[in-house]
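Let the sequences and hints guide you as you build the complete structure.
Protein chains: 2
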Amino acid sequence: MGNISTNPPSGMRDFSGKELAARRYIEKIIREVYELYGFIEIETPAIENLSTLLGKYGEEGDQLIFRILHRREKLSRALEGKPSEADLADIGLRYDLTVPLARFVANNKDLPKFFRRYQIQSVWRADRPGKGRFREFCQCDIDITGTESLTAEAEVCGAVSGVLKRVGLEDFYFHVNHRQLLKRMIAYSGISDSLEETALVALDKLDKIGTDGVVKELRERNISDESTKKLIELTSSVAEDNHAELERLRKIFAADEIALKCISELADILAFTSTSESGKRLKIDCSLARGLGYYTGPIFEIRVHDLKGSLGGGGRYDNLIGMFKGSRIPAVGFSIGFERLILLAEERKLLPDLMPGADILLCRFPDVEISKALEVADHFRNNGIKAEVYPDATKLGKQLSYATEIKASYAGIIGADELKDNKITIKRLSDGEQLTLPLCDAPGKVKAGK
Amino acid sequence: MGNISTNPPSGMRDFSGKELAARRYIEKIIREVYELYGFIEIETPAIENLSTLLGKYGEEGDQLIFRILHRREKLSRALEGKPSEADLADIGLRYDLTVPLARFVANNKDLPKFFRRYQIQSVWRADRPGKGRFREFCQCDIDITGTESLTAEAEVCGAVSGVLKRVGLEDFYFHVNHRQLLKRMIAYSGISDSLEETALVALDKLDKIGTDGVVKELRERNISDESTKKLIELTSSVAEDNHAELERLRKIFAADEIALKCISELADILAFTSTSESGKRLKIDCSLARGLGYYTGPIFEIRVHDLKGSLGGGGRYDNLIGMFKGSRIPAVGFSIGFERLILLAEERKLLPDLMPGADILLCRFPDVEISKALEVADHFRNNGIKAEVYPDATKLGKQLSYATEIKASYAGIIGADELKDNKITIKRLSDGEQLTLPLCDAPGKVKAGK
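Heads up: the sequence lines are chains A and B, in that order.
Take 17 as the starting number for the first sequence in our numbering and just add one per residue.
Take 17 as the starting number for the second sequence in our numbering and just add one per residue.
In case anyone wonders, no lab produced these hints; they're calculated from the structure.
Among the clues, some could well be false.
The list cannot tell twin chains apart, which means a pair is met if one copy fits it or any two copies do.
[What the hints assert, rightly or not] Derived pair list, reagent style EDC-like, types lysine to aspartate or glutamate, alpha-carbon separation capped at 16 Å:
#, residue 1, residue 2
1, K147, E43
2, K414, D322
3, K72, E249
4, K443, D187
5, K341, E43
6, K34, E421
7, K299, E434
8, K129, E391
9, K224, E261
10, K90, E101
11, K125, D30
12, K199, D220
13, K90, D143
14, K296, E391
15, K423, D220
16, K129, E421
17, K232, D437
18, K98, E362
19, K423, E51
20, K463, E76
21, K411, E385
22, K246, E51
Put into structure tokens, the structure is as follows:
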């Protein structure tokens, strides 16, 4: 008894009260804005087949997937031999919302050609828990599948920008790069194809460990000092603005058709968003790498000056759905970092004062039957007032102080005499104002006085 | 490529479109009604320590918990020996929302004494999947902790009744029994204490397998024919109404103080709810058993005539929180069977016509730049209209038929000439009505014509 730990498991959290109300508030904004952009919600199961999950996120990602142990006969059979990890599980918890979307799109033949979906669900990663890093956390994704048009990039940036503006942020930027262009830069620096992926992984850590850290990482990953120097120079731009930066890149890659196509795509995204809120906030940043393996085109990350790391990110992944479907379906997606957005909104006091719980606590004198108190409560509820009933007809003072404890706006005091005349006494707890009024007028009074 | 199954794992589901919109609609009702009753939302993690989960649900429940495989060093160490299931996992997926609540209450010292919480989250059970039986499904729980007053029973029944009424159901009943009374019946039938739990489990199957099935089950569980006969007689009432039924029970248990106390509690619940909507719907039913092990007092189940099994259930569990906290905290809870409620609402056509997706699809002639189309889209969105932009300036007919495909109410046709005059053509897709009007009037027109 009482020896079991009552904390949530490591890296997991309980939510309640104001904290959960804040999460709901932000979630509602995200939902509303995504829907204004024509995105339709989907939900996928928490558990996916490991064959769906593995091999999509890179080696590091695969290792962070929570696997679910076989049961009964399947487990017994596995334990008869000398089992490895792979023998003990064939399902696991979803690691992100993009791979489940890809499976979903491949599985549903009747989706609109340009499927705009949003999804707000938890994902699980067996990461080392730390400040702001959890093992269960919420992702808020939008994706547009079925088109190579960069309109899709413009639209996902627009929707994300719309969310952040409505939350009350003004100073955010979309850092933009192109995965193919980055690969050309790696090649241009003299790094061999076989080291391309490891170089990308190192570069992705720039905002966490800084340039010196990346240089060190690159060396550790067997990339020559000369290539490292070249790559760092190439990706550290000093151009004044986006157009100057694109010019710089065009000169460097004047003879590289693939790179020029990437640069022209970046220019198009700037043009397409030129009349939109998000357009003012795009920053070509060719040091941006994005960790995940599946990106193939433009990539994005949202930054604010006082937050290390990003508020979210995304990009184009034209080959992922094809891994499930056989035929290629291009796609662009963006994920808002829900946990970080909540933190930021809290720090910047962008959250309204959200107090969940009853508007009125109904108290009663001992001469009032419980059934009568419950009837009065129903009267308030039927008129849209959140009402709670004190369970016992204990001393009135105790009941009233409980009303204060749960931060109700009003206490309703039910006495047998008043009730005979269909009246009730209500007391506003902020200033003690108390009045006796007809029951039919009480809900309106409480609504007005909250 | 394409060889991976794209279905969700067995017993799991994807949700989208109208189906998900229906779930959101019902969820919103549940949320609103629960909040009117003063319940406050909490969320707990999907993953709990196995020490939290095991030993609460009975043996059958324990076997249905999904366990999460150890990782890295922990797994390697376990695999060195001859591991059992217990050596391979120490966390698992939550099986219900009641045990997590008990842990939460034990873990939070500052909760109100009478903590009213609601929780709407998924739970996972490794049950054999079947029609209407899933391995991931949603539960919608309310609980009141901290009081032995039967006001709590009245309030949870009231809240659940409020939800079902608002969904549009009229013909539901709360079957009510008392776990302690049932135990007295089992004893009265001559069944020994050691067989009490197994008798309860058999009795719990009544609505699934009928009286004959239960008789067979009881025999298989080593209960004598005589005891079986007595128990079946005792629990099969022919009383006309609740008061007659309570009278019948009072006579049988005239000398059994514990049973009489239970009967008097049932009478109190009837009295407390006598003025409420739920009161008309209570049916004393002493065959009701409820499967879960943790109940200690009154138990409930919601039934409708055309649904086998229940729409939800609950009861009092005064000892569960103490298993985590050390000291006893009484509690009452109720869980709505979300999946069954959705099904029933669908069958009875209680769901409004819910069509997620864009109100207007914006199409454009090739002489209009994408950035202009996106600007027009933003204009609609800023005025509360859900707008989607066709990604390419392909043939207008193709764009318009896509608007029909995604079931938009309107297509907006953007031409360079109209745009110069700040005008747009909108076409209502239901009847083909088309008009050209100033951009500033268009959102209002779409809103009115949806």
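**Prompt:** Which holds for K423 with E51 at a C-alpha limit of 16 Å: within a copy, between copies, both or neither?
**Reply:** Between copies, since 15 Å is at most 16 Å while 34 Å is not.
**Request:** Have a look at K232 and D437 and pick one of within, between, both or neither, based on CA distance no larger than 16 Å.
**Result:** Neither, since 82 Å and 59 Å both go past 16 Å.
**Message:** With identical chains, the pair K423 and D220 could be close in the same copy or across copies; at 16 Å between alpha carbons, which is it: within, between, both, or neither?
**Reply:** neither (47 Å within a copy, 41 Å between copies)
**Request:** Measure nothing new, just compare the shortest in-copy and cross-copy C-alpha distances for K299 and E434 to 16 Å and report within, between, both or neither.
**Result:** Cα proximity of K299 and E434: none, with 68 Å in one copy and 33 Å across.
**Request:** Tell me, please, which holds for K224 and E261 at an alpha-carbon limit of 16 Å: within, between, both or neither?
**Result:** Neither: 23 Å inside a chain and 71 Å across chains, both beyond 16 Å.
**Message:** Regarding K90 and D143, is the shortest C-alpha distance of 16 Å or less found within a copy, between copies, in both, or in neither?
**Reply:** Between copies only: 15 Å across chains, 28 Å inside a chain, cut-off 16 Å.
**Asked** Are the CA atoms of K414 and D322 at most 16 Å apart within a copy, between copies, both, or neither?
**Response** This pair counts as neither: shortest intra-copy Cα distance 47 Å, inter-copy 47 Å.
**Message:** One pair to classify: K296 and E391, alpha carbons no more than 16 Å apart. Within, between, both, or neither?
**Reply:** between (57 Å within a copy, 13 Å between copies)
**Item:** Alpha-carbon proximity between K129 and E391, which holds within one copy, between copies, both or neither at 16 Å
**Value:** neither (54 Å within a copy, 23 Å between copies)
**Message:** At most 16 Å between alpha carbons: which applies to K341 and E43, within, between, both or neither?
**Reply:** neither (31 Å within a copy, 33 Å between copies)
**Prompt:** When no copy is named, should K147 and E43 be tagged within, between, both, or neither for a Cα gap of at most 16 Å?
**Reply:** Neither: 22 Å inside a copy, 33 Å across copies.
**Message:** Treating 16 Å as the Cα threshold, decide for K72 and E249: within, between, both or neither.
**Reply:** So K72 and E249 fail the 16 Å test inside a copy (31 Å) and across (61 Å) alike.
Hint check: violations occur at hints 1, 2, 3, 4, 5, 7, 8, 9, 15, 17, 18, 20 and 22; the rest are consistent with the structure.
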